[in-house]
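Engineer: Listed below, chain by chain, are the residues.
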Amino acid sequence: MASEQAVLKQLHPVVRPYVESVLKKGNVGISMGNLRISDVKSGRPTVTQNKEPCGDRFKVSIPFAGNSLKWEVIFDSSQPSNPPDFIFLGENGDFDPDIDNLQHLTQWDPKNPDSLVSVLEDLLREYRVYQRQLIEGYSRLQFEYSSLQGIEACEDVEVHMGNRLPGTLDTPVNFLISLPIDLSPIPQYLVRCLPQDDPGEDLAVLLTKFHNAEGSRVTPQLFLSPKVEHALGDNTALRIPRFPTGGCLMDYVPQVQDFLQKQIDHIVESYQRRREYVAAFISRFEGSVLEYDAESFTKLSLVLEWNEFFFVLHIELPSRFPQDMPVFTFQSCYYLSKANGEPYISVQKSYPYSPRWTGEEMAQRAKVFILDFIPQFQKVSVSSNKL
Amino acid sequence: MSSSASTTDEGEVLPESEIEEPARQEAEDEKKDTPRDEVPHGESEEMNSLASTVSSSQDSQDSSDGTIHALLPKVNCPEKIVICLDMSKEMTSRHVSSRDGSKFSPLQLTKRVIEIFVKTKSRMDRRHQFALLVLHDTPTLVTDFTNDPDVFCEDLRAQEDTEECQTTFNVAQLLQEIIQLAPLPEIEEVELIPPPYIVRVLLLYGRSHCLPAAPEDSQQMLSELLLSPHLFLDALYVHEPPADDNQSIEIFNAICDLDRKCLSYVYEVATNVTMFHNHMAKLLAHPLQRPAQSDTYYRLQSNEDVA
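Top to bottom, those sequences are chains S and X. Under our numbering, the first residue of the first sequence is numbered 231, with each subsequent residue one higher. Under our numbering, the first residue of the second sequence is numbered 276, with each subsequent residue one higher.
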């Protein structure tokens, strides 16, 4: 990204490798985005003559539980082997991690470019503990948090009290819950994103905001990583179940998890039914195949003959197959329609059909229908168009 | 050509020509004992040679005996279809009649079926592309690849001027020009990796007195091209009924001989307008997903027949 490049250019060469690593690998926590670096400044008392970049202090924005933490990182480029200092902006001085718990800081390795990432991970771990301690004063919230531990539907939880005035709850308390999601049963083509995008991981996170300590007003929001959103459909996140009044996360989170799983199951099943249908038709009409969609199995075309009369049959499977029936388009090989210059067609959207039939049975019944319909198609196609 | 007479009320039925010529499908029944690895020959004008050609290609399609040529994955990748429209004088120097008495030159008929073909193919997949080459003594590019059937058809309809042509048509040159127009994808594992596209040559040839051939020094190059895994050659040959004063049979043989991989669809027709349309419809089939020509079967049987 252009802004990342701009930031890197401003940094002193001694500091730059650590920041590069943060920008590339800094996906700490249940992040909904990478870490961002801004506000590069220099701590040197004088600027060197040759105008080399000398930025050695900057701010890092860390997504956490639906909010954004802003921490200032202070290196000293004249003392390259020293670890950085930190200022935790917006915490009112209350976040004071025990340095013994920050191994990568106490044993700072200046030669390892990932050192800063590791320190940030240590700090974030402590920050999570700190936030959890903050909610201990609120029994309902504490209950919500502890009840989520160990349930299957909840992979991980981050809780954040927000940037509120101490002792008040004037900003919502965020619970960010990462849900286990397994897209592997979904066919590849549905999961594939545009080549230039880095699809990243499969992430589904549920952000629930508690607007008061009693938990009587809770707003949930589901966030899906681009690959997941692409695979499940773009408006999936909008359709999550409502948070029941008086409900609690322990019950709600599994509901959301269930909802997601059902979406996946539905997609997989639809795909399998379409594939079964197309396979059955290809098998039954194998001498007549023109072409078929071998990736998503949404269409197939055949050329058939009845009493020396040839015709083309296009079959299109709707997105809600098998609940919705495939559309049969009969096309003439002899005539172009006078109306629009296109080959003469007759579209059939209604014929004997049941979603409960197997693909094999659907193919068999389709043949019966075609045999019934074709004499009439032949008559009309000939009489309404002339060579 | 033993085209069966159409019996439908609406069919365009024309009397068959007296002189029979084996269609590809019939000839294969006669010679099933030919060794399977016999390379098809094109030089001989005997019916036997044609039959053995067809029979060995039939066997090589039978997967239980092992295919001779690599079969690509059965994906509906986009096709780059080069339509080669013969514009020799022969395409306008005779006429055939449809049932209602209307007369059409082979050129008129060919243009018509090409239009239906392109529009149908485009309907099946908008990614398919079409280029138009007209064939006089040498090929001329009229339309570069487009996936817009209307653009293509407009250029197609404008083709009116046919020319007298020489006694041989250089097939090697045609294919070489096509490869320039449409370079083939370069893929290592052809049987595994679906190609981004394939190139299909659709040859609509209408000369009964001009043999498609290749000069001696181009035979090697021609052979290599015809064996490329991502190049396919189909043909629809429209000709005068075979007679002593024409070379319809030899020309048909020569066209069949271009099918080195045994994956082509080759059809011929003399006077039957309905058949002409039928063959073009069969040619809609995607080379990677269609059955071998010898395995095609279009008849819709009613339920009392085969289960």
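FYI, nobody ran anything at the bench for these hints, they're computed from the structure. In this text, all values refer to a predicted model and were calculated from it rather than measured experimentally. Do not rely on the hints blindly, as some may be mistaken.
Once the Cα atoms are required to be at most 25 angstroms apart in a straight line, the calculated BS3-like pairs of lysine-lysine come out as [claimed, not checked]: (1) S:LYS568 x X:LYS386; (2) S:LYS529 x X:LYS394; (3) X:LYS349 x S:LYS568; (4) X:LYS349 x S:LYS609; (5) S:LYS609 x X:LYS394; (6) S:LYS579 x X:LYS394; (7) S:LYS300 x S:LYS239; (8) X:LYS349 x S:LYS529.
Example chain S residues on the side facing chain X (calculated, C-beta under 7 angstroms, incomplete) [said to hold, decoys possible]: (9) ASP488; (10) VAL533; (11) TYR564; (12) SER576; (13) VAL577; (14) TYR581.
Cβ coordinates follow ideal geometry from the N, Cα and C atoms, glycine included.
Engineer: Against this structure, judge whether each hint is valid.
Structural biologist: Each hint tested on the structure:
Among the hinted pairs, LYS568 of chain S with LYS386 of chain X is consistent with the structure: their alpha-carbon atoms are about 17 angstroms apart, no more than 25 angstroms. For the suggested pair LYS529 of chain S and LYS394 of chain X, the alpha carbons sit about 17 angstroms apart, so the restraint of at most 25 angstroms is met. For the hint pairing LYS349 of chain X with LYS568 of chain S, the CA-to-CA distance comes to about 36 angstroms; that exceeds 25 angstroms, so the pair is violated. Between LYS349 of chain X and LYS609 of chain S the alpha-carbon distance is near 36 angstroms, which puts this suggested pair outside the 25 angstroms criterion.
At roughly 22 angstroms between alpha-carbon atoms, LYS609 of chain S and LYS394 of chain X fall within 25 angstroms of each other, so this suggested pair holds. Of the pairs offered as hints, the one joining LYS579 of chain S and LYS394 of chain X holds, with about 22 angstroms between alpha carbons and a cut-off of 25 angstroms not exceeded. Between LYS300 of chain S and LYS239 of chain S, the direct Cα distance comes to roughly 21 angstroms. Compliance with the 25 angstroms bound is thereby established for this hinted pair. With a CA separation close to 15 angstroms, the supplied pair LYS349 of chain X and LYS529 of chain S stays within the 25 angstroms bound.
For ASP488 of chain S, the suggested interface contact is broken, since its CB lies about 36 angstroms from the closest CB of chain X, more than 7 angstroms. Interface hint status for VAL533 of chain S: upheld, as the beta-carbon distance to the closest one in chain X is roughly 5 angstroms, under 7 angstroms. Interface hint status for TYR564 of chain S: upheld, as the beta-carbon distance to the closest one in chain X is roughly 5 angstroms, under 7 angstroms. Given the 7 angstroms rule on beta carbons, the hint for SER576 of chain S is violated: about 14 angstroms separates it from the nearest Cβ of chain X.
Look at VAL577 of chain S: its Cβ only gets to about 12 angstroms from chain X, farther than 7 angstroms, so that hint breaks. Interface hint at TYR581 of chain S: violated, since its Cβ lies 15 angstroms from the closest Cβ of chain X, which is beyond the 7 angstroms cut-off.
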